[in-house]
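J.: All chains should be built: construct the whole structure from the sequences, respecting the hints.
Protein chains: 2
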Amino acid sequence: MSPLKIHYPNGQPYHYNENDFTKSKKKKSHDYSNRGMSLEKELNLTNKQYLLENIAVIHKKPTPIQVVKVDYPKREAAKITEAYYRRSSTTDYNGVYKGYYLDFEAKETKNKTSFPLNNFHEHQINHMKQSTEHGGICFTILRFTTLDEIYLLRPDFLFEWWNQQFKKNGRKSIPLKAIKKENYLIEYGFNPRIPYLKIVDQLIEEIKEK
Amino acid sequence: MSPLKIHYPNGQPYHYNENDFTKSKKKKSHDYSNRGMSLEKELNLTNKQYLLENIAVIHKKPTPIQVVKVDYPKREAAKITEAYYRRSSTTDYNGVYKGYYLDFEAKETKNKTSFPLNNFHEHQINHMKQSTEHGGICFTILRFTTLDEIYLLRPDFLFEWWNQQFKKNGRKSIPLKAIKKENYLIEYGFNPRIPYLKIVDQLIEEIKEK
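Order-wise, the sequence lines are chains G and X. So for the first sequence, numbering that gives the first Met the number 0 puts the first residue at 0; every next one is plus one. So for the second sequence, numbering that gives the first Met the number 0 puts the first residue at 0; every next one is plus one.
These aren't lab readings, by the way, just hints derived from the structure by calculation. All values derive from a computational prediction rather than experimental measurement. Positions of the beta carbon are idealized from the N, C-alpha and C atoms, including for glycine. Be aware that one or more of the hints could be misleading.
[Claimed, not checked] Label pairs and their computed distance ranges (CB to CB):
no., chain 1, residue 1, chain 2, residue 2, range
1, G, Q163, X, D70, 28 to 34 angstroms
2, G, E205, X, Y83, 41 to 47 angstroms
3, X, L44, G, K78, 40 to 46 angstroms
4, X, K167, G, F189, 41 to 47 angstroms
5, X, N190, G, Y83, 45 to 51 angstroms
[As the list claims (entries may be wrong)] Lysine-lysine pairs mimicking PhoX-like chemistry, simulated, CA-CA at most 20 angstroms apart:
no., chain 1, residue 1, chain 2, residue 2
6, G, K68, X, K78
7, X, K47, G, K60
8, X, K47, G, K78
9, X, K128, G, K47
10, X, K209, G, K97
11, G, K59, X, K60
T.: Okay, structure coming up:
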């Protein structure tokens, strides 16, 4: 029935499907920019690469889930049948690099001119403040998805902006202009995709100079 | 019908139950030893106290769970209706103390004379080896529940015992005698319950002397 019969070397027939070609055309872009992958996924790939090259040990923490009911079927894995998402009391990523404790949060926004501060929770900010006090290097990786730009925010910058929102006439979002001026643009790479440790190296240099 | 009618100030009747008294008798011990609380719970309380006193920022990572189905009822929290436990690729606890990255695993055994090595998974050992290489301080907190004794295992000690099991005539468990000889007994405290950072201070001194 099919106009063309092609077989793979393993003898399996190849099924022609027009969609395959349409899809592959769409994927042809060869720049390294974000191709619809979530920031979380890209950071996980990045951290995997850092681990593989023995550069750093950084992991995303699992999402906290409160388990209410579990079934224990015979000879099968325990099945959770009722559970709820809980709010994390820390940031999402942490680990060790060059002897330093790293701790960061990853955030995305579709906004084009500013980053709304309500993307952060107070406990995340407090966690970063506390970790910084004990010698940890804390920061935020921020993606403006529409602009396809990723920034690494300095901790002092974030804390300052976080605090000003509670003052009279405080702004509820950080203008992109201010972010650009005092922080770091992360250029996409091939592998790792988001080479944020290059920027962390600069933060480490600053700490050493103090 | 009841021989004695007592009411609480709020008007609710008090139901006499002999078990209540039996239970409270059992709880009378005033030493600081483990009163049936899980090691995890005691470590969480310990870490909470360390955080409260601004001594260190250490958290237990959430248990990794793979979510398969979620219901989104109107006006209510998202309800997970099918999910499974996954194996963690790291240890359970990490954080920052005196500028150092800490990373540890907590284990319990009912054994009285040795600790079975199959309580560890290879990926946990690898994770600790990698983190140590990058300057992290990794260790294990081990409770012999029957003996009610808690030890902090040095990383080099654990790695050595882990590796020997794969050799000819290798032992599958670490004798308590060996644990006692080369590691640290943690004495229970009131608050924090398991003051393991006192031992970590000794590990830090060793690192500094190198």
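J.: Are the hints correct? Go through all of them and say.
T.: Structure-based check of each hint:
Between Q163/G and D70/X the Cβ separation comes to about 40 angstroms, which falls outside the hinted range of 28 to 34 angstroms. The hinted window of 41 to 47 angstroms between E205/G and Y83/X holds, with their beta carbons roughly 44 angstroms apart. Take L44/X and K78/G: their Cβ atoms lie about 30 angstroms apart, and the range 40 to 46 angstroms is violated. Checked against the hint of 41 to 47 angstroms, the pair K167/X and F189/G passes, with Cβ atoms roughly 45 angstroms apart.
Between N190/X and Y83/G the Cβ separation comes to about 30 angstroms, which falls outside the hinted range of 45 to 51 angstroms. For the hint linking K68/G to K78/X, the alpha-carbon distance of about 11 angstroms falls within 20 angstroms, and the restraint holds. Proposed proximity of K47/X and K60/G is supported: the alpha carbons are some 18 angstroms apart, at most 20 angstroms. In summary, the hint linking K47/X to K78/G is not supported, as the alpha carbons are separated by about 31 angstroms, beyond the 20 angstroms threshold.
Note on K128/X and K47/G: the hinted pairing holds, with a Cα-Cα distance of about 16 angstroms set against a maximum of 20 angstroms. For the hint pairing K209/X with K97/G, the CA-to-CA distance comes to about 17 angstroms; that is within 20 angstroms, so the pair holds. At most 20 angstroms may separate the alpha-carbon atoms for a hinted pair to count; K59/G and K60/X meet this at roughly 10 angstroms.
Of the hints listed earlier, those the structure fails to meet are numbers 1, 3, 5 and 8, in rising order.
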